[in-house]
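S.K.: Residue strings, one per chain:
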Amino acid sequence: MKSYKGGRVFEGYALGKLIVYAALKVEKEAGLGPEKEFERFVKARQETVAALDKLYMATLAKMGEKEAQLFVTHKLMAEDLDFEDTVRMELENNVSAEYAVQAAGEQLAEIFASMDDAYMKERANDVREVAMRIVSFLKKADTSLSLKEPSIIICDDLPSSELMKLDKNMILGIVFAKGGSNSHVSILTRMLEIPALCSVEGIEVTPELNGEFAILDAMKSELIIAPDGKMVTAYSKKKKEYEDNKLKLQAFKGKETVTKDGKKTMIYSNIASSFEVENALRNDSEGIGLFRSEFIYLDSSDYPSEDEQFEHYKRVVEAMGEKQTIIRTLDIGADKKIDYFDLPDEENPALGFRSIRICRERPQIFLTQLTALYRASHYGNLAVMIPMIISHSEIKFVHEMAAMARENLKARGLPFNEKMKIGIMVETPAAAIMSDVFAREVDFFSIGTNDLSQYTLAIDRVNPNLGSSFNSHHRAILRLIKLSTENAHKAGIPIGICGELARDEELLPFFLKIGVDELSVSPAYTLSLREQISKIDTTNVDVNKFVG
Amino acid sequence: MKSFTYVIQDKEGIHARPAGIVVAEAKKFASQVTIENKGKTADLKRIIGVMALCVKCGEEVLVKVNGDDEEAAAAAIEKVFKENL
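Line order of the protein sequences matches chains A and B. If you count by my numbering, then the first sequence holds residues 1 to 548, one letter each, in order. If you count by my numbering, then the second sequence holds residues 1001 to 1085, one letter each, in order.
Just so you know, these hints were derived from the structure itself, not from any lab. Since we're looking at a predicted model, the values are computed, not measured. Every residue, glycine too, gets a C-beta built ideally from N, C-alpha and C.
Here are some chain A residues pointing at chain B (derived, C-beta under 8 Å): (1) Q69; (2) V72; (3) T73; (4) L76; (5) D80; (6) L81; (7) D82; (8) F83; (9) I111; (10) M115; (11) R123; (12) D126; (13) V127; (14) S301; (15) D302.
Please model the complete structure; the sequences and the hints are all you need to start from.
M.R.: See below:
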């Protein structure tokens, strides 16, 4: 028995035989002569181009223009005349088209691999992938993975087209030994809900692994090869329980979130990038309660433009349709550093120059984001949430900037929702204490329990020496949550909770009793939370037990 | 012959995505189109060659268009450079 640790792509368990996917490799072989082989190449190239066109359309529909454009580039590479010339030259040696295409791909890939530029080095893989795609058409279907029985695929990495060709029912799980969790193929794997791991440490993918029995534990992110009988029995049981539970939860799909005594609430999702929307919808989330916009800034090497941001926001908002999407504006600081922001080091980043405070000093960044958000508001049910609010003057600033964004779009004649809701995070004691005043100035509240806890208790959440003193059930925190909720409702605005605490089993009855309108959690917890709520009878809940 | 120069604004230089866009545009025309940078020349209809120039942000490229539809081609290609690079 051997076990390996990796990263998670999608949760679940798999038990079964491994099947190795190894990238194609063609041995040098004689062909039917340069002319005949060139004809074969041309035909395979046509088929490749047609396949890439399809892949472009499919990706465009699922992921948007930016991701899809990669396949246009691949198509141009397949049709490239330098590539064709190189293939022709190789064919002069009377080799097969397969070998010539592989060799030509390798030669051109070398040009990129030898560059200093890290980005360009990566492009060597694009050229190789295109060449191997043509080779696979030359060889017809016999080279690609074929699953005769349900198996766990193990590979260094897998071209997405390969995955799309397979029958999902035959795939128990996938191990991308060298792949990343955000690669194109990983994203597709999540959409298909296949238990999978990536970046597995210390494993070598060799043909010897074919047929080995393995356990894929994508809950603990572990791969166990050749487990003993006891382990197999234990894991079969775990897998069954997990799947039974999942199946049972399916009964809560499409249902309202309601307590035993008929009190309604909503379960929203916390997401950090636009592709996670799929995840939220698949889990039957009722909205997006927290979309962290930081990733757009983190993925960029300079301030993202209005157009770029707009595309991201629009994609999320459109995908969610009627359901509400709450996007949180920029929330960075010295602990979540982005180079081009050029933020000074601080002794106390949690109490320092961060989120709305940066936006006030650098209004142009904030205005660009708000303008992009307003533009996206035209395409669905969008609301905007401002983090780290402590004062009336900050809220005033937000409204002024929002008015400027609206003016700007009016002047440019672009459509937007004039009434887009603007809310604030209640994550500082100041905001909670002032919530009676703030509730009259904004459209909704959302409680960020992680920060509210650490600021209320003056305890650094990540300080290992303080772990035992950190009690997120502290009555001080619960009193602030209760106060904010009462003040929100007095002013007639909704309030949500978007921190870790939102799915805390012990506190759930308290949140429901005081009338929190929405709980926002990771998409995967949606259905189990809905089930839990259905069992709670709030008429029996004594609020004083929590805050008294 | 028509020609224009352009200074690359895109932070990543001529990377795969915009390279694909300009090459696709060039291929729409019958004229011969070349791109020059740092003393090297590539055919703007051949993506691998264009990417292999490894043009960085802030560098200038010279695009030459030669053929019957050079007028329209130069205008269209220049527009695509401005929009994507």
